[in-house]
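Residue numbers (this note's numbering), protein chains in the order written: chain A, 166 to 281; chain B, 19 to 132.
Just so you know, the hints here were simulated from the structure itself, not pulled from any lab data.
A couple of the hints might just be wrong.
Now the stretches of chain A that chain B is said to cover, found in silico as 3 or more residues with beta-carbon under 8 angstroms [unchecked claim]:
#1 205–213
#2 272–281
Pair by pair, the computed Cβ-Cβ distance ranges are [as the list claims (entries may be wrong)]:
#3 Q182(A) - A19(B): 32 to 38 angstroms
#4 Q182(A) - G71(B): 46 to 52 angstroms
#5 Q206(A) - Q89(B): 35 to 41 angstroms
Glycine residues also receive a C-beta, built at the ideal position from the N, C-alpha and C atoms.
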Amino acid sequence: EAGVAQSPRYKIIEKRQSVAFWCNPISGHATLYWYQQILGQGPKLLIQFQNNGVVDDSQLPKDRFSAERLKGVDSTLKIQPAKLEDSAVYLCASSVSGTSMGAEAFFGQGTRLTVV
Amino acid sequence: AQSVTQLDSQVPVFEEAPVELRCNYSSSVSVYLFWYVQYPNQGLQLLLKYLSGSTLVKGINGFEAEFNKSQTSFHLRKPSVHISDTAEYFCAVSDNFGNEKLTFGTGTRLTIIP
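Only chain A is shown next, with the shape it has when bound in the complex (with noise of 0.2 angstroms):
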């Protein structure tokens, strides 16, 4: 069974500078979860879809941060502008469905942005 993809894997930017991430999660997961992993913290939740709708997305910061599902498969989050405090890993997960009972979220390697 293929797993999570991210990609880029690594990510150098300026601040103010643009940037978009990737997720294309296991085939027939309906949950996908972007998360923000900030050196020495741990995972922090930024948006959670149901197939293409969004279930959570309470700690975005939807002054620069953005994310959409395509048809309910691939992800996209983006960033516009970068601020310097952005620089973390940034994790995609997928899970089965909301519905089953604490079913596991399987997460991609991540991408690791540094804004300079």
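Got chain A; can you put chain B on it based on the hints?
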């Protein structure tokens, strides 16, 4: 809302010695509990989870955890560690209403000393 506290940011342990990584949680509703491991430059991998039933949960790589509702704890244990266990370990909680939103602790870095 839930929260997770991992009291130890770093734990050094000699190879073949036992280890316990501590996790306490706070929640106003019933929860599911998880331990994830993150190897260098990798994503997170599920070690084990508690949903219901037996409070002692066994996971991969010889790890186990015990759910203690009265102490709101879910400590991770391994009787004998190996060099390959060197990694960051995250405790996480989600509510049991099906949305599976995971709230993570800050992580414990386990370093195995040869």
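Hints and how they fare:
1. Counting residues of the stretch 205–213 of chain A whose C-beta sits closer than 8 angstroms to any C-beta of chain B gives 7, which meets the bar of three, so the coverage hint holds.
2. Counting residues of the stretch 272–281 of chain A whose beta carbon lies closer than 8 angstroms to any beta carbon of chain B gives 4, which meets the minimum of three for the stated coverage.
3. Hint check: Q182(A) to A19(B), Cβ distance near 34 angstroms, so the stated range 32 to 38 angstroms holds.
4. Checked against the given bound of 46 to 52 angstroms, the beta carbons of Q182(A) and G71(B), roughly 50 angstroms apart, stay inside it.
5. In this structure the hint that Q206(A) and Q89(B) lie 35 to 41 angstroms apart at CB is violated, the actual value being about 25 angstroms.
Hint compliance for this structure: hint 5 alone is broken.
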